[in-house]
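Chains as they are written, first to last, in the numbering used here: chain A, 2 to 400; chain B, 9 to 240.
It is worth saying that the hints were derived from the structure and are not from the lab.
A portion of the hints provided could be inaccurate.
With a straight-line Cα cutoff of 25 Å, these simulated SDA-like cross-link-like pairs (lysine to any residue) come out [what the hints assert, rightly or not]:
(1) Lys153/A with Gly167/A
(2) Lys87/B with Asn47/A
(3) Lys87/B with Asn343/A
(4) Lys156/B with Val220/B
(5) Lys344/A with Ala92/B
(6) Lys344/A with Val220/B
(7) Lys87/B with Pro400/A
(8) Lys284/A with Ala135/A
(9) Lys87/B with Asn330/A
(10) Lys87/B with Gln325/A
(11) Lys87/B with Arg145/B
(12) Lys344/A with Arg229/B
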Amino acid sequence: MNGTFRMLRGALAGALTLASTAVAEAQPAVSVTAFNPARFQLFCPNAITQNFPTTGPAETTWLICWREVAGNNSIVNPNGLVIGPVYLRKAPNAPFVRVLWDMRVSDYFVPYHPGSPRFYDLSFYNFSLTGVTAADCPASAGGAPISPHVCKEVRDRGLMWKDFGGVRRGQEIVLWGAINAANYRYIQEYTFRDDGVIIGRMAATGQNLPGDELVTHVHNAIWRIDIDLDGITNNAARLRHTENPANAAGTANDTTAPIVVAEGFTWSPRRHDAVEITNPAFKNAQGHLSSYQLVPLVTGGGLTQHFETFTRNEFWVTPFNAAQFAAKNLPAYISGSPPVSNKDIVVWYKGSLHHHPRDEDGAFDHNHNWVGTAHTMWTGFMLMPHDVFDCSPFYKPCP
Amino acid sequence: MARSCTSSVIIAVAFVASWCCVEKAPAQAPPAATAGSVAPLTTEERLAVENAALSDARVRAIVGEGQPRIIITGLEIDKAEAEAFLASELATPPRRLVSVVLFNPQTNQAAHALVSPSDNRVISAGSITASDIPFVRGDADQALALAKADTGLRRAVGDTLDRYEILESDSDARVPFAAQALPLRSTDPRDFCSVDRCLDLIFRSEFGFLPVRAHVNLTRRTVEVHGGGQHR
Numbered sequence: 002m003n004g005t006f007r008m009l010r011g012a013l014a015g016a017l018t019l020a021s022t023a024v025a026e027a028q029p030a031v032s033v034t035a036f037n038p039a040r041f042q043l044f045c046p047n048a049i050t051q052n053f054p055t056t057g058p059a060e061t062t063w064l065i066c067w068r069e070v071a072g073n074n075s076i077v078n079p080n081g082l083v084i085g086p087v088y089l090r091k092a093p094n095a096p097f098v099r100v101l102w103d104m105r106v107s108d109y110f111v112p113y114h115p116g117s118p119r120f121y122d123l124s125f126y127n128f129s130l131t132g133v134t135a136a137d138c139p140a141s142a143g144g145a146p147i148s149p150h151v152c153k154e155v156r157d158r159g160l161m162w163k164d165f166g167g168v169r170r171g172q173e174i175v176l177w178g179a180i181n182a183a184n185y186r187y188i189q190e191y192t193f194r195d196d197g198v199i200i201g202r203m204a205a206t207g208q209n210l211p212g213d214e215l216v217t218h219v220h221n222a223i224w225r226i227d228i229d230l231d232g233i234t235n236n237a238a239r240l241r242h243t244e245n246p247a248n249a250a251g252t253a254n255d256t257t258a259p260i261v262v263a264e265g266f267t268w269s270p271r272r273h274d275a276v277e278i279t280n281p282a283f284k285n286a287q288g289h290l291s292s293y294q295l296v297p298l299v300t301g302g303g304l305t306q307h308f309e310t311f312t313r314n315e316f317w318v319t320p321f322n323a324a325q326f327a328a329k330n331l332p333a334y335i336s337g338s339p340p341v342s343n344k345d346i347v348v349w350y351k352g353s354l355h356h357h358p359r360d361e362d363g364a365f366d367h368n369h370n371w372v373g374t375a376h377t378m379w380t381g382f383m384l385m386p387h388d389v390f391d392c393s394p395f396y397k398p399c400p
Numbered sequence: 009m010a011r012s013c014t015s016s017v018i019i020a021v022a023f024v025a026s027w028c029c030v031e032k033a034p035a036q037a038p039p040a041a042t043a044g045s046v047a048p049l050t051t052e053e054r055l056a057v058e059n060a061a062l063s064d065a066r067v068r069a070i071v072g073e074g075q076p077r078i079i080i081t082g083l084e085i086d087k088a089e090a091e092a093f094l095a096s097e098l099a100t101p102p103r104r105l106v107s108v109v110l111f112n113p114q115t116n117q118a119a120h121a122l123v124s125p126s127d128n129r130v131i132s133a134g135s136i137t138a139s140d141i142p143f144v145r146g147d148a149d150q151a152l153a154l155a156k157a158d159t160g161l162r163r164a165v166g167d168t169l170d171r172y173e174i175l176e177s178d179s180d181a182r183v184p185f186a187a188q189a190l191p192l193r194s195t196d197p198r199d200f201c202s203v204d205r206c207l208d209l210i211f212r213s214e215f216g217f218l219p220v221r222a223h224v225n226l227t228r229r230t231v232e233v234h235g236g237g238q239h240r
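Use the sequences and the hints to build the structure in full.
Structure representation (structure tokens):
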């Protein structure tokens with residue numbers, strides 16, 4: 002990087018800061034990759050800028066690039082709603098910081114309990130997003146279709162906090178589309194909250210498999226999350242809670258174990274397993290290393306594993322490789338233990354929906370036609386900021 | 009202080025002006041990179057990409073002699089180039105790269121190539137397994153033709169079988185007799201579909217999905233009928 006570019010970068014950062022009307026605060030650590038709004042808009046003309054709160058002076062702002070992929074090879078470039086790059090501005094006078102480069106579902110793997118069939122509902126065929134209309138993206142719910150296949154909703158998200166002194170409700174922006182996988186629809190939903198939280202979820206809905214309407218099965222979604230926290234030089238760590246219920250002292254312990262080479266590992270409901278992503282150059286005004294933590298949002302009681310090796314872990318951490326998008330190849334991606342310290346990192350997460358058919362899904366009529374539709378079941382994950390803000394931007398000013 | 013305030017206002021105006029360029033790029037700006045919607049290939053570009061892939065020595069060495077089937081599978085951009093563009097280190101937008109799969113049925117060998125359409129050059133090429141060859145519309149049409157010729161399926165579906173047509177995922181058309189394909193994989197080594205290319209076909213009439221599937225092995229050109237009588 003030459004001196005001229007450094008100077009330009011500094012000037013731009015200064016402009017962003019001076020343009021603010023808010024009271025000056027202590028500046029966060031210098032961004033590794035300066036944000037250039039003009040370039041970003043050229044790179045992503047359909048980007049969404051979302052301020053929170055939605056009325057009055059902005060406190061936090063998301064810049065969200067999104068696109069639809071509808072190709073013929075979801076093994077190398079999975080179809081569907083793709084999010085990224087995404088930037089967060091944590092205060093009106095703060096710089097925009099990149100959080101994500103590319104977030105999408107890599108695959109949906111659907112094994113049926115008898116052992117067959119075992120469907121890969123994304124990677125092997127050209128399933129793509131289906132249409133959205135005012136019926137499923139109504140203005141009355143804060144919705145507005147932003148393409149024939151993608152809905153944007155800006156809405157209240159319920160209580161943000163409530164204490165002795167008051168209460169505040171939160172807001173969020175949600176982008177979603179639905180993959181048309183023949184009899185099923187897979188909803189791909191990405192939420193960006195006012196407090197910096199990102200949530201990725203999937204839902205399965207539609208007709209049970211013709212000919213096997215009553216057979217139990219699992220819908221696994223595997224997300225590929227190319228996270229770039231303030232640039233591409235990131236680190237990953239495994240977070241765990243340990244506690245022995247037989248220990249009368251009642252003590253518990255949390256551990257942070259750096260992940261130095263590519264690996265996969267499991268989630269346990271007892272350990273609060275999570276993956277922490279940091280950038281060694283990214284700290285908040287308190288001098289704390291900022292991170293985003295990948296936290297499972299497990300619904301339905303568990304996460305299933307199957308014969309296929311790539312389903313044996315809920316988390317995987319791999320170095321970025323433009324040719325690696327296929328969840329089914331994750332074991333190959335980590336073979337040879339490529340290093341992931343101070344690297345461009347990709348995190349993968351598998352969520353599961355256990356679908357035990359029920360009468361509420363449908364029933365056969367007298368002509369043996371299936372009548373009914375399975376209602377949405379959801380699973381997903383959260384990317385939660387940890388020491389990204391200097392304090393809560395939605396309470397009193399930082400002490 | 010007054011000078012500082014004036015500077016702030018000027019810079020703020022400049023900032024807002026640049027922000028307002030969202031809808032319309034300034035005249036001197038580089039062309040849009042369109043990450044939000046990578047510009048599709050023109051017919052000429054598509055032909056040039058196919059020729060570049062077919063004439064590449066690495067690709068030919070992988071797929072062998074004969075005419076391979078070519079599947080243009082999508083457009084990508086290079087992350088490093090995109091990063092450089094966003095950081096103003098690169099004046100031009102990142103190149104579009106075209107992902108191409110070539111499959112030679114005579115040799116049963118397949119290659120994946122990444123082609124730069126701007127200079128009709130193969131950036132990288134490598135072999136892929138047959139199981140990594142994506143199913144496309146042609147496979148679904150072939151499966152439906154095999155299914156329609158199967159007497160067992162005809163017994164299960166009836167004469168309306170002839171009226172079914174493949175409905176693609178990106179179509180919301182309300183066709184009265186729609187057949188849809190689901191790629192099949194098996195982990196059971198005794199199942200041919202652990203190796204072969206197999207599809208399940210499902211059928212949707214005006215009354216909903218039929219409780220039957222056609223299990224089609226495209227490699228062996230066989231059809232099995234599944235379902236049709238399960239009640240609780």
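Checklist entry - Broken hints, numbered, in rising order? => result 1, 6, 7, 8, 11 and 12
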